[in-house]
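> Sequence:
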Amino acid sequence: MIGSNPFRPASEMRVTRLMLVTLRDDPAEADIPSHRLLLRAGYTRRISAGVYAYLPLLWRVLTKINGIVRQEMDRIGALETLLPQLQPADLWERSGRWQGYTAGEGIMFHLVDRQDRSMGLGPTHEEVVTALAADLLRSYRQLPVCLYQIQTKFRDEIRPRFGLMRAREFIMKDAYSFHADGASLAATYREMDQAYRRIFQRCGLRAVAVEADSGAIGGSASQEFMVTAEVGEDLILSSADGRYAANQERAVSLESEAIPLEPSRPLGPFSTPAQGSIEALCQGHGLEPSQIVKVLLLLARFAGLPPQPVLVCLRGDQQLNEVKLRNALTSRLAGSGHPLIDLQPLTADQVAAQELAPLPFGFLGPQLSDGVLAAARDWAPRFERLADSSLECLGAFVCGSNQDGSHQLVAGWDAQTPLPELVDLRAAQPGDRCQHDPEQRLVASRGIEVGHIFQLGSKYSEALEARFTTEDGVDEPLVMGCYGIGVSRLAQAAVEQHHDAQGICWPLAIAPFELIVVIANAQDGVQLALAEQLYAALAAAGIEVLLDDRAERAGVKFKDADLIGIPWRVVVGRGAATGMVEVVERAGGVKHELAADALLPWLEPRIEAGRRGLLPDEEPV
RNA sequence: CGGGGCGUGGCGCAGCUUGGUAGCGCGGGUGCUUUGGGAGCACUAGGUCGCAGGUUCGAAUCCUGUCGCCCCGACCA
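In the numbering used here, the protein residues as written are 106 to 726.
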């Protein structure tokens, strides 16, 4: 018996029984290839914005991906479970995430039941699983342990798009591990990393692991797995030597050297009428952007705290990385129960609404006094001040003088111009030199995030009082990790990576069927008989085979076979009279004429190889 | 939430500017012919033109409101 995936669906099916509806025209609702093809080939239908039905063909794909995921999770000792989607608000209040996930731009669907209890539909399961752990895990003897589930998740995306790629209801594998210490967590994290690599390889996907921001979920180490594709929503920055790859949100690099100001330039203010941008300032005064310190004002909103004005200093040639800024603000100010809800550039209208004097936007300098906030109606009356690390070594520089139409040249950071707290706030850009090797430059590529693994630490176990007794008899919070794979997104990412002008070219390991037998002319009794015989023999050999027994013309069946993307096609046609069939590999389209008797032995090793996906030969499935 | 766009038969679209019998292609059904790359001919079914008001003798078309969806941005395990 060939095949290794014990969760494979039924191994035979006739197209006449498959409720297959393919579309000749591109649907108007889709505009990336994978979304168009999944709709055209009859894999999915939209039910409402960001909500999709998984039709039988797609469900087979998802079932096969799930099978691979299960095998690899089980292999590293994770336990499959199924947790509630309907979750009580109080659990989320205890972790401090209810506000952040429901208020403002929160992504959690929430509702009130007839007893007036607040509930949420789970976008993730840290709270539930940690509450269970608190209940069940008491001793270090029970650790480590790892639970996983394959579940429908709900996220009220502001703008769902690209079909299954960013849906409001989607399938995810999520896993949570519990440990007595960081070393055990790190070990499981490494095992997960390896398991994820195997999962994507077995699915036939080219994926890269990148350093990532841990975002709203919290925690320290975090790594994303990206399926490389043109239409990916994430920007990856990596070095050609393969030693560094990171999401742009997280990426670090060496800033270029600042160009020193000519020493002859006089210190002090100078007139810069209407030169409120870096570009205008440079043009008007022969300056370089790296000689300027720009000041950005933002307004951060934390749950339960007054809005907090933020003053950020950046070198003029650098861009702010808002994710880094959010993280910096969160770690300084958020505290438990006051998550950062919103961060936006501060506007003149907002200043006016606070009944404050107008601020000279475009001419701001780091010396801007907290006094300008003193009369604010409900804002915190002082700026949270941060500066990007690249400013530390800057000598003399130009900055705003906090008066309209005027900048100033200062000799450097000093008592009049104190250097704010230094943090890495700048966005790394393609072309930047790498930190690990200044000879290497960052290059950009795009990816679809299909997996994300985190070392969470004790953030949730502390909030939810999930404690265990150590070997020394001391109570400590559990150390946690969490690990996600977007299963439905992965299916679409596979199409994005594997298609051509004719349709989908599924990697065999996740194809809905491994082989399709096409009867060229279903009215021809000889063809029909031979096709039926092959169909039965292939299915009996454990190959997942689809029989196109429709009374359509051959051309229609070929088009559909290409569109739905079954990896192997066996055509029973004119040659049937002499016992010959044609075998075509979908990817590449190479055709072989074979005697029907020789088909099975010819195919078996090829299909067996396909089931390994991209897994290296030396590794057992 | 800001900007742009679209709602007309199952799908893709025209008609709207300039109000007057609701159309085309694909798809569905029936029959005949055809039969290895989305066949041909004939017949046929299928639409309160997103919804609600308004203007008008008369509204798919003009006006107001509303709902839904798509795209860009912001947002995002």
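Hints should not be assumed to be uniformly reliable.
[Said to hold, decoys possible] Distance windows between CB atoms, simulated:
#1 GLN220 / PRO463: 47 to 55 Å
#2 LEU184 / PRO486: 50 to 58 Å
#3 ARG437 / ALA292: 46 to 54 Å
By construction, these hints were calculated from the structure, which means they are not laboratory data. Ideal Cβ positions, reconstructed from N, Cα and C, are used throughout, including at glycine.
> May I ask which of the numbered hints given earlier this structure violates, with the numbers listed in increasing order?
The structure breaks only hint 3.
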